[in-house]
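Taking the hints as your guide, dock the two standalone chains into a single complex.
In case you want the letters, here they are:
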Amino acid sequence: MTVTTQQPPPQRGTGARAADLLARVFGGGSATVFALLIVVFAAIFIVNPSFAEPPSLMAFLKQAAPLMILAIGQYFVIVSGEFDLSVGSLVGAQVVIAAALIDGEDGRTVPVILLMVGFGILVGLVNGLITTLLKVQSFITTLGMMLVLYGAIRLWTGGAPTGALSEAFRQPGRGGIDMSVVRQLPYALLILIGIIVIAVAVMRSSYGRTLMATGDNERAAGFSGVRVWRVRTLAFVISSVAATLAAILIGGYAGVTAQVGQGLEFTAITAVVLGGVVLGGGRGSVVAAMAGALTLEALFVLFNQLSMPSTIRPAVQGVIIIAAVAYAARERARPRHHQEVPTQPATQS
Amino acid sequence: MSRAVAVTGTGRTTRRRLGATELVWLALAAVVVIGAVLVALDDQNLFSIANIRDMLSRSSLLGFVAIGQTLVILCRSLDLSVGYVMALSSLIAATTMNGDPARVPLAIGAVLLVAGGIGLCNGLIVTVLKVNPFIATLGVGLIIKGYLDTEYQGPAGDVPSSFQQFGFSRIGPVPVSTLVMLLVAVAGILFLRRTRTGYHMFAVGGSADVARLSGIRTGRVLVTAHVLCSVAAGIAGLLIAARFGTGSALVYNSGYDLESIAAVVLGGTLLMGGRGGIGGTIAGVLILAVLDTVFNILAIDPFFKDVLRGTIIVAAVAIYARRQLDRRASRIRFGGDGGSGGSAPPGAPPDNAPGDPVPAGQGGAR
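Those protein sequence lines, which keep their order, are chains D and W.
The first sequence begins at 1 in the UniProt record's numbering and counts up by one.
The second sequence begins at 1 in the UniProt record's numbering and counts up by one.
Derived by calculation from the structure, the hints in this document are not laboratory data.
Nothing here was measured: the structure is a model prediction, and the numbers come from that model.
No false leads were mixed into what you were given.
Stretch-level coverage of chain W by chain D, calculated; a stretch enters the list once three of its residues show a Cβ under 8 Å from a Cβ in chain D:
(1) 129-138
(2) 146-160
(3) 255-269
(4) 310-320
Note that beta-carbon positions come from the ideal geometry of N, C-alpha and C, so glycine has one too.
Excised from the complex, chain W in its bound form (with noise of 0.2 Å):
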């Protein structure tokens, strides 16, 4: 992300400023650095191997699912239904698996396909239909509650041990999960990187009209968006399935939906779209992991430990505000009418280049 400050900043001031995704990972040091002397104050190593553990495998599950609300955040969409597709997808897997190793990769490609699915409809009706993709997934989302709660009353079907590996196994003090995580990680950010649609991504969040304009076909693009969020969400209730060893349809009441939205702001993704990448989002999900960590070593209170995650999530997002807002604070929208009519408003901030406001357009050369 450091190419991405030299590419976009063409003015002189803006070399020196840390691009955003630098900046999230100095906090997640920050919060290190502080967690660790605080576990410290108490006589505890917040790096023992336990710890790290522990750390690490909170980090995967919401991890997944952030990583998928990445890219439909940066389409400028949202997608409030994962938390009920990670609670199908446990159930689709253990039902399908049902204690049967032979039926594992049966079950995997099932709950990819269903969860796709889903991301397929979301992305239909967010594009075809033009419902606000807010309400679109929330009710895609109370359909799939509907099912759950009429077909599964409690935890159903039966995932093999070997499948159960996968939520278990560790190499070194690294879980697998953690590393098939970050693995999914690196393809995403290679995604958005290197590939036609990744930079279609930024360009549809950055501004819709603009990028239709351009001839970029926005409905497949945040259609693919959905359907990947969707699949990542599955993949985490593969992971679900694989720890808990069952089913469970109570997922969705965990709060994955929100808590990965915060955690894809958190990694410097703007709601607004157009603005952001994974590697923030890893950022974000860990920084959120080590505080709930550091929150259980220090055994705080429960509720106050929502407080205070409250609390650091605004404050941090505060932060970045601060040191991207001031100079971008006009809206995207207004930006790209900026661009095209290049008739900046008197009152507009002065150290853009007229190209800037753009880069949302082709702002996948970040």
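Just chain D, with the same shape it has in the complex (with noise of 0.2 Å):
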């Protein structure tokens, strides 16, 4: 997973076209985050060597798979101009439906699969549909949405999941397909792959280049023929199946309690922005999103790795954070600097 971001030098021939490759795979503004990556897991290795053999790592991504997950289906709707607050309480939900209706029933685990996936289907079509119909900002309609299912889960089970996953259910979450090199292949890594092969596949198609020209400028795309509602509508969805898949393998991994979930749209949100993906709307790459969920997984294992005691963890990341997105922030403003300055001057009084 050591992805090698330093752009070769501008030769000509293949040498310009790796940079040029690189550069539009990584998205032009997102180095910064690839460099962090870059230092964190080398920080790592140099702490604890083990942690760069083969099964350590692939332990690392089938716990960092999930909220990797999430980043990507935030990124959707963030780089359509929008946000999603509401997918924290949606993992929740969805791990506690889960467990209520599995009730520890192997045969259950398919149906109720699907049944999670319509429900996710569902409320993301609620998210969208209000926000762009109804006009409600899709911080509100989103926050809105995390309060209900917030207690509407917990008025339907009375304050404490009820009920067990199946073995069957567990199996994504936890299970792999056993290997000589790396000892087991998480099968999450595998819906992860998946889900990247998806997700970039879908931002080069003319889907993705709507999205983000809607959250670029929503009135141009509108005036060019997109239907804004749709496109939007449909990166809400987009969210919520990624955070009930994100619900599929954290269950799997870490079981049922009622915390599940709880905080993780701020940490999704915050690995987007750490990729280099700006809020707003219209810039940025799902790659670096997705990145950026890495790096903030990393950087909860360097914690652990250091031992630091995990009331100052917070602060520490706090920093980071900052100190990231400053820095990105600085790079981009120097080629942007053009467009961001109306050149007429304003007639206004």
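In structure tokens form, the structure reads like this:
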């Protein structure tokens, strides 16, 4: 996973093409996150060289996959110019739903998962339609959804989660294919790779470009024939479905507690912004958003390796986030300066 | 705010439209009436002294935070650190006082100073380092959280009974804390309407570029807003200390950050900045307080309360949006361009006079 990001010197031919490709994949403004990722990983390897061995890397990826999937989902919403604050609650709700409905019986696993996906789509649709058709700002829509889900789930279960997950349900989150080198290839990693491939493909499809255009300038996109409401609503649905998948992995990995998912929305948004994606839309790449999530998870591992007291971790995390985003903003400010300032002087009094 | 409609609305239809603030107060009236009817059906009286007292004392704490949050949101920024500032302030207040009435002024000074300093950090990170306010204030909040978790394992300090009066004493049915909150609100309204910086806040929120080109030091305005916001959160922290009798770090779990933003938006202030005001925010805070009191009287399941609250917030904002955004559906950033270029896109809502999209610029006239 140590993706090499050092930009090759601009030679002609393959070198230049590779540089171009790297810049495109990693999205110009998001070099910071890859640099930070490498630094954090280097620090982990120095502190604990055995972490570099494939089995522990695989274990790390298994643990990091849910947040990365959440970040990918959140990316679609953010790049379209909106927020999704409901993902944390949705993850919690989905895990509780799964536990209550499966109730430990393997046979119910698949139907319940289908039901969860359906519920995720429904939540995304509601978020999206309220935001686009009723013109409620997404911050408020999804904040409301967060409260509703939080309350409704606890109301339903009477405060504490009931039931149990089935063994089959827990497989994607904790299981894997046994192999020689890496000991176990986690299913979570395979799912993650699948989702990344789909996400990159979607962003390169006409939908992805439309989404980006909508986030950049909703009005202009509307005039060019984009059905803005449809594009945005779909982004919310994608985010909710991603949250559902993340819930399946988290439920499998960590089991059911009342606190599952709490605060995840902020972590996911932080990850996306750390990846150089601009809040307000229209800028940033999905791979970088995912790298932001990976960086955060790696940071948590580093805190563990340094056996840093858990109480000061938030502080260090806060400093690093601010520093990284400030650095990225400094980088981005230069080339974009011309576009930001209107060229003609304002004629207002 | 009725003047605002008359001044901004050059079109003929606008005169009959209600301003955002009136709408919010109407919504508050509706909530009160519906709540009173529901409570009456339960054979109780919403307007009993005890219930009014309950509503008002609920509103004061959120009120302080929301007033500050309004200023920041008007500037098109955001403050997610207020919950942590409140917790920190309550601890600083309680530990500084340490049971000694003579140290109360010192504690208040220390709290305001520290809170202002945090606001200064927020503002500088946003303006100088150009970090998105969402991340900047979230990060600063995390830093404070780290400090709180490390330094304070539980409640700390001791608030002398003289200062606890701030939390408990009343004049008639009205708690002193609510009066102070209303005074701060009035001061805030005067600040926004009567001072240069207040005017500038609307301008910066409407369009930072246009504001800068018009000679406003946008950075200073934004930093001022953040400092005032944190100071307001600091006052809320003082109130917490006065009510609890000690400082408590766990306040940050109470969700005041998001709730204050919800109150501000419920009060008709646009999250995109440049439009709104403290008058509406107070109504928003009161709506939430009345809802809470009604839920309490009716003994509604606490989890169902969350469901209702979420639904009501979204529904209320949807109703405002119907009334406001149909005319002003254009994003403010586009509105600014339309004003300077004079070439409104063909599909633009026709009811605006050409100068209208700019009121954000001189919107201080409101």
